[in-house]
Every structure is written in C-alpha cells, then in structure tokens.
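As given, the protein sequences belong to chains C and A, one line each in that order.
The first sequence begins at 1 in full-length UniProt numbering and counts up by one.
The second sequence begins at 1 in full-length UniProt numbering and counts up by one.
Hints in this document: simulated from the structure, not taken from any laboratory.
Given the structure is predicted, the values throughout are model-derived calculations rather than measurements.
We put the CB at the ideal spot given by N, CA and C, even for glycine.
Treat the hints with caution; some may be incorrect.
As the list claims (entries may be wrong) - If you anchor each label on the Cβ, the simulated ranges turn out as follows: (1) A:L320 x C:S209: 46 to 52 Å; (2) A:E295 x C:A374: 28 to 34 Å; (3) A:E61 x C:P337: 50 to 56 Å.
For reference, the chains in residue letters:
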Amino acid sequence: MTVLEQRGAYRPAPPPAWQPRKDAAPLLPDASPYRLLGTGAELDPRLLRELYEQLVRGRRYNHQATALTKQGRLAVYPSSVGQEACEVAAALALREQDWLFPSYRDTLSVVARGVDPVHALTLLRGDWHTGYDPYEHRVAPLSTPLATQLPHAVGLAHAARIKGDDVVALAMVGDGGTSEGDFHEALNFAAVWQAPVVFLVQNNGFAISVPLEKQSAAPTLAHKAVGYGMPGRLVDGNDAAAVHEVLQEAVERARAGEGPTLVEAVTYRMEAHTNADDATRYRAEAELAAWREHDPIALLERELTERGELDEEGVRRAKDAAEEMAADLRERMNADPVLDPMSLFTHVYAEQTTQLREQAEQLRAELAAAEADAETTDDGQHGGQQHAQHGGAGRGEGR
Amino acid sequence: MSTAAAERRRGTAAARKPATMAQALTRAMRDAMAEDPSVHVLGEDVGTLGGVFRVTDGLAEEFGPQRCTDTPLAEAGILGSAVGMAMYGLRPVVEMQFDAFAYPAFEQLVSHVSRHRNRTRGTMPLPLTVRIPYGGGIGGVEHHSDSSEAYYLATPGLHVYTPATVEDAYGMLREAIASDDPVVFLEPKRLYWSRSDWNPDAPSAVPPAGRAVVRRPGTSATLLTYGPSVPVCLEAAEAAAEDGVELEVVDLRSLVPFDDATVCESVRRTGRAVVVHESTGFGGPGGEIAARVTERCFHHLEAPVLRVAGFDIPYPPPMLERHHLPGVDRILDAVDRLQWESRWTESGERAAGPGRAEGDGR
Ligand SMILES: Cc1ncc(C[n+]2csc(CCOP(=O)(O)OP(=O)(O)O)c2C)c(N)n1
Ligand SMILES: [Mg+2]
Numbered sequence: 001m002t003v004l005e006q007r008g009a010y011r012p013a014p015p016p017a018w019q020p021r022k023d024a025a026p027l028l029p030d031a032s033p034y035r036l037l038g039t040g041a042e043l044d045p046r047l048l049r050e051l052y053e054q055l056v057r058g059r060r061y062n063h064q065a066t067a068l069t070k071q072g073r074l075a076v077y078p079s080s081v082g083q084e085a086c087e088v089a090a091a092l093a094l095r096e097q098d099w100l101f102p103s104y105r106d107t108l109s110v111v112a113r114g115v116d117p118v119h120a121l122t123l124l125r126g127d128w129h130t131g132y133d134p135y136e137h138r139v140a141p142l143s144t145p146l147a148t149q150l151p152h153a154v155g156l157a158h159a160a161r162i163k164g165d166d167v168v169a170l171a172m173v174g175d176g177g178t179s180e181g182d183f184h185e186a187l188n189f190a191a192v193w194q195a196p197v198v199f200l201v202q203n204n205g206f207a208i209s210v211p212l213e214k215q216s217a218a219p220t221l222a223h224k225a226v227g228y229g230m231p232g233r234l235v236d237g238n239d240a241a242a243v244h245e246v247l248q249e250a251v252e253r254a255r256a257g258e259g260p261t262l263v264e265a266v267t268y269r270m271e272a273h274t275n276a277d278d279a280t281r282y283r284a285e286a287e288l289a290a291w292r293e294h295d296p297i298a299l300l301e302r303e304l305t306e307r308g309e310l311d312e313e314g315v316r317r318a319k320d321a322a323e324e325m326a327a328d329l330r331e332r333m334n335a336d337p338v339l340d341p342m343s344l345f346t347h348v349y350a351e352q353t354t355q356l357r358e359q360a361e362q363l364r365a366e367l368a369a370a371e372a373d374a375e376t377t378d379d380g381q382h383g384g385q386q387h388a389q390h391g392g393a394g395r396g397e398g399r
Numbered sequence: 001m002s003t004a005a006a007e008r009r010r011g012t013a014a015a016r017k018p019a020t021m022a023q024a025l026t027r028a029m030r031d032a033m034a035e036d037p038s039v040h041v042l043g044e045d046v047g048t049l050g051g052v053f054r055v056t057d058g059l060a061e062e063f064g065p066q067r068c069t070d071t072p073l074a075e076a077g078i079l080g081s082a083v084g085m086a087m088y089g090l091r092p093v094v095e096m097q098f099d100a101f102a103y104p105a106f107e108q109l110v111s112h113v114s115r116h117r118n119r120t121r122g123t124m125p126l127p128l129t130v131r132i133p134y135g136g137g138i139g140g141v142e143h144h145s146d147s148s149e150a151y152y153l154a155t156p157g158l159h160v161y162t163p164a165t166v167e168d169a170y171g172m173l174r175e176a177i178a179s180d181d182p183v184v185f186l187e188p189k190r191l192y193w194s195r196s197d198w199n200p201d202a203p204s205a206v207p208p209a210g211r212a213v214v215r216r217p218g219t220s221a222t223l224l225t226y227g228p229s230v231p232v233c234l235e236a237a238e239a240a241a242e243d244g245v246e247l248e249v250v251d252l253r254s255l256v257p258f259d260d261a262t263v264c265e266s267v268r269r270t271g272r273a274v275v276v277h278e279s280t281g282f283g284g285p286g287g288e289i290a291a292r293v294t295e296r297c298f299h300h301l302e303a304p305v306l307r308v309a310g311f312d313i314p315y316p317p318p319m320l321e322r323h324h325l326p327g328v329d330r331i332l333d334a335v336d337r338l339q340w341e342s343r344w345t346e347s348g349e350r351a352a353g354p355g356r357a358e359g360d361g362r
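Excised from the complex, chain A in its bound form (with noise of 0.2 Å):
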C-alpha cells in the first residue's frame, strides 16, 4: 500500500484541517441556503437528526425547519413535491437517504423531473438536485450499497454527477444546486469521512462539472473511473508505479455531461484504458465508456478497452464485498491483460508496460 494511501486509511491528519467529504457537502448547501432564500433542503431526517451521515446537520437549526425539512417516509412524494417546488420558483435540493430507497422515487425522476424542460419547452425548468449516497464498501447489510448510477445516466435530461475529492464534493454540489436543470448528485457514501486540508472559510475553485479532470498523470494506460472508485485506482496506480508502470487516473466527475475530449486526449496518449466502477459490468456505465472510447480512439488503441466492476450480481452481504468490489489487484491485473505484446502503433513516447520493462518478451 502507497504512503499517501496508508495514510488516508488512518487517518493521521495530525496537521491538516479535518475537512471531511461530508463537511464539506454540508458547507455546500449552507452556503447555497445563505445565498439564495430559493434554495430548501427535504429529506428524510434531514431536520432534526442532521440527516443519517449527518450531511445535513445544522441547517434546520440555521435556516429554520421550513428550510430543511423533515419529510414524511415517501421517496416519490418528496421528490414529486420538490418538482412542484421548483415549478413555483424554488430550488429543492433533495436527500435520498440511501442508494437504494430512491427507487420509489424513479417514476417522478424519469417521467418528469428528467423531461419536464422538454415536455414544456423550456418554459417550465426544474432547478431541483437529488442528493444520493450510493456505493457500497461501508458494511452496510442489504439495500444499503447499490451503484444505481447506470439508471440515472440512461436517462436523458438528467445530470449525473458524482464527486471524488472534498473539494469537488463542495464545488460540485454548489454547481448542481445553482444549475437550472435537474441534477443526481451521488455521493460515494465510504468517501464521506475522507478528509483533506480543504478550507471552508475560503474553498479552492474546482473546474466545472462537465470536466474530467487527470488526478495522476501517467504514459502507460489509463485509469478511467470515477466517485468511490477513484481512490482505489490511485492506490493501484501507487502500486503500479513500483514496477515502472506508470497510470494515468482520469477522475470523470460527471458521467452526464461526459467529457469525451478530457478522456480521449488521456487514451489516445497511453494507447490503453480500463474503465473502474463498483457498478455491474454487464450494462453499467463501464461498457458506454469503452465504446464511446473505442469509437472515437480505435486507431491509437494497442488493447480493447477493459472494465474492471462489481460482478453482475445484487449487491452482496457485507461480509463478502470485498470480493465483489473493484480492488487494487483487480485492477492490476487488467492492467496486465492490456496486451503489452502489442506493438502494432508504434509511439516512442508510450512507456513500457509490464511485458516489456520485465523484457520477458510476452
């Protein structure tokens, strides 16, 4: 395991500021509350209790419970009522409380909130944000882990962004509760406690959403992943580099808009590409990705695009979901697989993988 990531596991922040993913989400929509008076915050246990990971806490105490507002248990209904909010002027930001209790919400979410700008031709927009912790690797039992990103991003009209970084997750959040259009924001919930030296009073301006961002640069092949994956890749990418294989991290932020240019700039460099996500391989975001960069870079590839994701399975019980997601090994060994042997675009700037800094000829 890399310092910096053996750091990251514990925790010694001894010197930096303790900002955490979820601080920084909470600071996000404070300082959207203090802004703009049209900004409202629903959920369930959002009022009172802070929201279940406390990402909401202190709000109704600064804004008052008509601000942020305890909801009654009723996923489509809080979201129904949000698309009447915003029909009248206001910009509902919306807490699912998990992954998989947004479902009941799914018909508001794809038969109106993602069309409505449409439906009405751009008269009647929907401002509203739907706030989804997601992804597993928390120990959490049934129901509690889901990657459902691959619904959200088949539906057109919706934004889906998903951040990496406590500065990304305060910068992001802000854009999307500023956007006119509807955006699921996911937040990768095992990245809540994640800390950096971010500061609040003064938070580090983040490129816009819509923007991939290279979190590590690299020659070899690149890393395309995003959310609570993006730490795992960094730490492969660690790994990698001790055995003179240098990964390029693409962070993609936003997997609606998705930044084609920011991604193929990166693949047509390294000739190679994984894509990492906890979500399935079988109809996840992973086989989107490899195609749009298989369509658009083939000629610079060496080796088809490969996925490393959650098995095609429900999510499992937390005493086996280690084996079911997406690890530094498994991600290694892709890498391995990405047909080193292949030499038939010759590059002289491309690094050597694996096969040919061991010179074992493979």
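For reference, chain C alone in the conformation it holds in the complex (with noise of 0.2 Å):
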C-alpha cells in the first residue's frame, strides 16, 4: 500500500465503465508467413492445378503487356511478375457474385476475373481509362491513386449488405500504399460497419523506390489490422494454395457475417515499378537472386509433380495455353484503336451542359477543316484550314 493510500487520500479505480472492447489476441497474425506448399499439408489437386495453369498463364501474360511496352501498344506497364499468386489467387477466391478492386498493378487478376485482356489493358495502352463494363464482371475501375479504391469497396459491400445480397469486396492495394489515409478510413470504416470486405496487401517489398522500412515501422503490415479490430492474417505471397486458402477463408468469413479481415500476402516485385524505371538504382541483384529461388509458378510445380499430379506433357499443355493466350493479345494488340475525337464529351455528364456542347462544336468543325484542309492538300492546294476553321466554329449559346 502506498503512503497516500494508507491516508485514505487515494482511492485507486479504473475510469468509470471502462472495459476492454475486445481480445485482441484472436486478431494476430500469425509469427511467420503462412504457407502450405511443401509442407505436405492435404491439398485440393484439382484447384492446385488450375492454380498452375492460371500462373504460367499469368506469368505469360505479364512478360507480353511488357514486350508491348517496348513495341509502342501500351503506354506502360506496372508487371507483376513475382506476384501472379496473389493476383491470381484474389480472382479465384471470390464468387461470381462478389466484387474485385483492383490497383493499376492488378490486371492480371482482372483477366483472371474473366475480364478480356485487352479490355482490362485498355487504360495502360492509352486508350479511354475503363475498357470494360464494371458490372459485367464485378471489377471495379483499376485505381490509380493510392488505396483511394479501399473506401469504395467498403461502401459497396455494406450498400449490399444493406440490400440483403450476399456479396463480398476483395480489395487490393500495395504495402506503399498503407501508409495513406484511405487505407487508414477505408479499414476503420469497414470495421465498425463490419462491412463484409477483404483487403488483400500484396507487400511487395518497395514502392517505386522506397522500401517496406522506410515506409511502416509496424512489425507487419498484418499487424495494422488488429488497431481496427479486425483480423490480420500473414501469408506467403508466393505460395499459391497457401494466398488462395486464406483469402477463401476471409471470403467466406466476411460473407457469413463475420465482418472483415485484412490480409498481407509477402511477396516481391522481381521487374521494375513499370517500364519506365530503373529498378537498379535501389536494389541489388543479390536480393533478387534469393526471390528467384522462391518463384511461385516454381513453387507450385515442384509441389505437383511430388504429388505426380504434374507431368512433362502437363507443363508443356499449360505453357501451349499461355502462348495462344499471348499470341491472340499480341494480334489484337497490334491494331490501332480508333478513338473517336468527339467522345471527348460524352460522358463528362448525364446530360451535356450548354457549354460542353458549345465545345463539341468547336472541335467537330476544328475537324472537319482539318478534313477538308486534308482533302485540298491532296488536292495540290493550300490554305483551306483557316478558312475553315472561322467559319465552322460554334458561336450559338441558346439553351
């Protein structure tokens, strides 16, 4: 007992009501990456193998959208290579009714979604930013801007949940990426709405240039979710069956009720940011070595083939797909699309202002004299543009 005690001065008590809102020890994530590969835990053979296929295909996927690059047909790319677990293990574990948000990282798992991939390539290739209709696959718009799909997500799974549907959000955003705000909201938001979501981290271990340590001093990015109340599960990026099982159970977890779970898959981005980087300038070769040894397409195979579920003819039939798939996006990649100038302005509102229309009428005469100038050119004269140009553009205003 302490002096002031002893004088009946100090009545120690806890604050009036308080309690603990709840343990937060079931919410951990576990010591150390979750894995199963290899660990000769039982394993479903056929979704082992469409995992496979799904990852050669991917892989194959990734290595075109950047040889595109170098051929002019995409504006840029962000790969994924090294990543095609994750990205490809998100698409399968939701169900036909549930919902993607993906980053501009994850066309992959767009494709996987079912999304054609030169619709899901549509934005990075120059074109109009969404290439396919959201509602037709339930994939979101790829995000650009950090983690601002997370909160969207979240209002959508509660939005059907308020309407009774059973339907679950898998979001997905970069270990960067949790350091912004909306990650911060969209988690909290989920969490006190027990919004059924699922929000997928792939730490690939820098963005851009900047590492994980630099980025987060939490002893993982798991970790983050037990501040919200939430689950936090830590998985091995790179171990397919080990990516597919714990996002499945967050799935369902969320689609039971449950509320939502924030997963941080490890992995690594073996390629550049995108095309445009220069991934030497701050990391070495030697890191990247040890990632190789932890291929997931690498993984998965020597899995299959102890367990012979994988043969010589079995590689060979998985990497004939993934070729066709890529032949057919290089073919229909090559063709130029043919934007039309004028949609500029038809989607900008439901209904056009009278000031947009206004503008539509400039550029559609600003076109057509560049037509007839075309047209004159050919023609062996000169000058017609200007003319035109005057006496095309609109000047109405009435309503």
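Using the hints, build the complex out of the two chains.
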C-alpha cells in the first residue's frame, strides 16, 4: 500500500465503466507467413492444377504486356511478375456475385476474373480509362490514386449488405498504399460497419523505389488490422495454395457476416516498378536472386510434380495455352485503336451542358476543317484550314 | 436599410408560417428518402444529433440509423464509402460538417466522384450529393467560414448548386438527390435561418437548377450573384433604387451548369455588370463569370465587368469578417465605378446611372 492510500487520500479505480472492447489476441497474425506448399498439408489437386495453369498464363501475360510497351503498344505497364500467386488467388477466391477492386498493378487479377485482357489493358494502352463494363464481371475500374479504391469497396459491400445481397468485396493495395489515409479510413469504416470486405495487401517490398522499412514501423503490415478490431493474416504471397486458402477463408468469413479481414501477402516485385523505371538504382541483384529461388510458379510446379499431379505433358499443355493467349493478345493489341475525338464530351455529365455542347461544336468544326484541308492538300492546294475553322466554330449559346 | 431587409433581420415573421432554409433542406431529404429507399444520408453527427446545424433533424428517427448514419470522423472515408454505395445502386447524400472540413475528401471528389462517369464511359455513373455548409457571416472561428466553391467549379464532372431562398433550398436539393450526376450542394450557412412562408406540404415548384433567376428586375446594371450574397445584393438594389438606380439582381443558383443565356440576356439589356461573392476575387468564380460575360456581351457593355469579392486573404477572425465580406456599401461603390459617363453605346432604354441621375456630368 502506498503512503497516499494509507492516508485514504487516493483510491485507485479504473475509469468509469471502462472495459476492453475486444480481446486483441485472436486478431493477431501468425508469427511468420502462413505456408502450405511443401508442408505436406492436404491440398485439393484440382485447385492446385488450376492455380498452376493460371499462374503460367499470368506470367506469360506479364511478359507479353511488357513486350507490348517496347513495341509502343502500351503506354506503360506495371508488371506483376513474381506476384502472380496473389493476383490469381485473389480472383479465384471470389464467387461469381462478388466484387474485385484492383489497383493499376492488378490487371492480371482482372483478367483472371474473366475480363478480356485487351479490355483490362485499355487504360495502360492510352485508350479510355476503363475498357470494361464494371458490372459485367463485377470488377471495379483500375484505381491509380493509391488506396482510394479501398473505401469504395467498403461502401459497395456495405450497400450490398443493406440490400440483403450476398456479396463480398475484395480490395487490393500495395505495401506503400498502406501508408495512405484512405487505407486507414477504409479499414476503420469496414470494421465499424462490419462490412463484408477483404483487404489484400501485396507487400512486394517496394513502393516504386522506397523499401518497406521507410514506409512503416509496424511489426508486420498485417498487425495494422488489430488497431481496427479486425483479424490480420500474414501469408506467403508466393505460395499460391496458401494465399488462396487465406483469402477464401477471409471471403467466406465476410460472407457469413463476421466482418472484414486484412491479409498481408509477402511477395516480391521481380521487375521494375513499370517499364519506365530503373530498379538498379535502388536494389541489389542478390536480393532478386533469393526471391528467384522462391518463385511462385516453381513452388507450385515442384509440389504438383512431387504429388505426381504434373508431368512434362502437363507443363507443356499449360505453356501452350499461355502461348495461345499471348499470341491472341499480341495480335489484337497490334491493331490501332480508333478513338472518336467527339467521345471527349459524351460522358462528362448525364446531360451535356450548353458549354460542352459549344466546345463539342468547336472541335467538330476543327476536325471538319482538318479533313477539308487534307482533301485540298491532296488536290495540291493549300490554305483551306484557317478559313474553314473560322467559318465553322460554334457560336450559339442558346439553352 | 430597406424594409424587407430590416424585416428579414428582425425576423418579424408574425403572420408567416415559419419555414427556415434549414427546415426546407431537412424536408427535401425527408421527402426524397420517403419516396426512394435507395436514398441514404451519411456524415458526422447527422444521426442522433440531427447534424450540427440540425439539417438532418429527425431523419434517423424516421428512417433508422441505416438510412441516416453517423459515420466515423473521416471525410475521405465518408465520401469514398458513398462512392461504393453509389456503385451498388444507392443514392448517398453526404453531409460535410463545414466547408473547411470537406477538404480531406477532396481527393475522392476530384479523382473519383467527378470523373467516374467519364472514366467508365457512362457505365458507372455516381448519383451522389455532397452537402456542404459554406461561407461566412455567422461569427464562426477559424475553419468554419470558407467559400470553397472555386475548387469545385474548377473540377469538370461535378454539378455545383447553391440555393439562396427557402423555396430553392427544397427544390434544388430534391433535384440534386434525383440527379444521376454528382452534385456539390453548397448551403449558405448564414441563410440557414432565413425564413419564408413556404409551405412544406405543398412546396412551390422552382426552375431547374441549371437556370439562373432574376430576383429583382432592373435596368441600370446587373448584379450577378449567388448563395449568401443574394440577400446582400437585394438590399443593395433596394438602397440604389432610392437614388434612382435600378439594379437587376440575378441569382445564378447553379455555378455548374452555368446559365450563360440568362446572364447575358440581362447584361446585354443593362450594359453593366458587377459580380458579387464572398469567395476571394483572385482565382474566384467572379473572374470566370466576368470573362464569360465579356466574351459574349462585349459590344453591349458600357463598362468593364467589376467584381466585389472577399479580399485575397485567408478567412479572417469573426471580429473582422464584416470588413472582409462584400456588403451593401462595397457593392454600391462598385456600381458607382461602372463608368456612367460612358455613352458610346446609345440605348434609349437604358436608365440613367448615378452620374446622369445626379446630372453632375461625370
Ligand atoms: C495518391 C498517390 N500518390 C502517389 C502516386 C504515385 N505512385 C504510383 S505507384 C506508387 C508506389 C506504390 O507502391 P505500393 O503501394 O507498394 O504498390 P506497388 O506499386 O508496389 O504495387 C506511387 C508512389 C499515386 N499513384 N497515388
Ligand atoms: Mg509495393
């Protein structure tokens, strides 16, 4: 007893009505990334084979997309080489009615969900920003502003639950994106609302050039979940079976009304941030070599081979299917997309404003003038453009 | 001060049905929610408390906490969730507690809300409304009095509405909620308690939001204004009339879409224009409006289009705000500076300005 207590001046008491709101222990992630491959765990061979085929296809898709940047067919490509297990498992963990919220790096996931690769790449091609109808495959548009898609996933999942629909949203974000305010706000909203959402953080080691240690001082990114009152799961992101299992559990948990989960998949970005980046400026070859030994496709291939589920014929079949996809993609991406300049104005508002109608008229006149000019130039005459432009620009302003 | 304005100040509404702008806004949300189960209200303190301005009063009680939701304090989270809700077919109505507290949601607004229809080629429009109490004049301390409209109107893809009357508050908010496009709905907070004998059970129809309205006809010059500055301009017009100057007051009502036709029709008729708003002059909406008027009405103008705006300063402490906000005197001074000696465009219909009326040959 302290002196103060002896004198009766100090009665220790907890703050009124205080009690912990939740036991933190069950929310904590495993001490090390959860793994399945090579552990002798019981696994569904059909799922393993499907994952394998999709990973092989995914790797080929990545290489083809990077090749397309070199040929000037894609404006930019953020490769997910090395991350294919996460990309594919995210899509496969969802049911038909569920929603995927991808970032710019996740076109492979979008493709694995069933979107035509040409449509998934529309944005990166320099064509219009979203090449697919989000409602057709329940895939939100690719999001470039980091972590901003996460609150959308929460809102959509929340709305679905309000309407009594059986829908889970899976939202993808990078390790760097976890520092953004929207990451925090989305997780907090999801937990408070018990929204059926799964957050998948692909910790690929870098945010462009910035390594994780400059990004976060958390024990693991999965630990962040605990502060929001949701479980955090830590998984080996190159172990396709483990990522799939952890994601599927989280998805089904959300579906059952048990709320959101944060999953950190530990993986590695094997290529530069995008084709425009030079990764040799900030990371050493030795690091890459270690990760090459932990390649998601090799891990899966070894598992399947050891189980007698994959022979040379099976490997060849997977490769052939991937080549076929790549050839088709290459061919279709080699055609020049035709964009209608007038489409600049068509979807700004539901109803075009007077001002946009005027501006559309101006552009239409410019285009007509350019065309007329091209025709007269063909005839060996010049000077048509100025004249036509002056005559044609929109002037009205009536409602 | 005019009788009407004096009455407004004193609130001598003895014989009137006391409907305030705040009540009309509440009623608009209430009616929208009753008609359409997809309308959901969310924001900070909007539920149990009914909002810090009581604009969502009674909605949680009537429709339950799931239709009128107290959210965690995170404006980007509120708006970002509303985006997801709109993606799934709901019609969220978001309340931002104050103008300056909407800024954390700016990225969601600019990078997603405004361009979602466009970036999804029309397949995924976002029918959501962002209500923002804005402007000064209520003695609010720092961060409670901003006029942030310039940020919004500079963002293509948003509609920007701002009512100045009780009738418009109801009609335009209904229109905003029903719109398939995102609307930033700016509520002049100092007009929340303005009254009219508006009947909540038979709300009078108002023109569509994209239309400007002549609040007071006049022949000498046009005051182009909106939101909190409309009553100030009406008061100025009242005062000017005593000197024989007939000012026309145009309430823009919506900054996007902008009603060039009504504005130009008025200015061509009067030949002179002053834009009045609380927002800063430099980079404020007045510059855009003056430019539009000049581009379209040049040969009808007798004087440059002038602006009466807030000074180009961070919003001042409440004890000084009366020096910052455009008031009647500053508006009348601007009217005086409309080059009344100019007669190069002869128009018999144009009434004399102060110069001619006083015959001092300025
Ligand atoms: C709000 C925002 N800030 C900055 C950027 C520029 N940027 C694009 S990708 C990136 C790194 C993101 O790293 P991470 O979240 O780890 O994802 P990764 O690229 O590794 O998949 C940055 C800084 C952005 N897109 N959005
Ligand atoms: Mg990263």
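Do the hints match the structure? See the list:
no.	hint	in the structure
1	A:L320 x C:S209: 46 to 52 Å	48 Å, holds
2	A:E295 x C:A374: 28 to 34 Å	31 Å, holds
3	A:E61 x C:P337: 50 to 56 Å	54 Å, holds
Against the hints set out earlier in the document, no violation occurs for any number.
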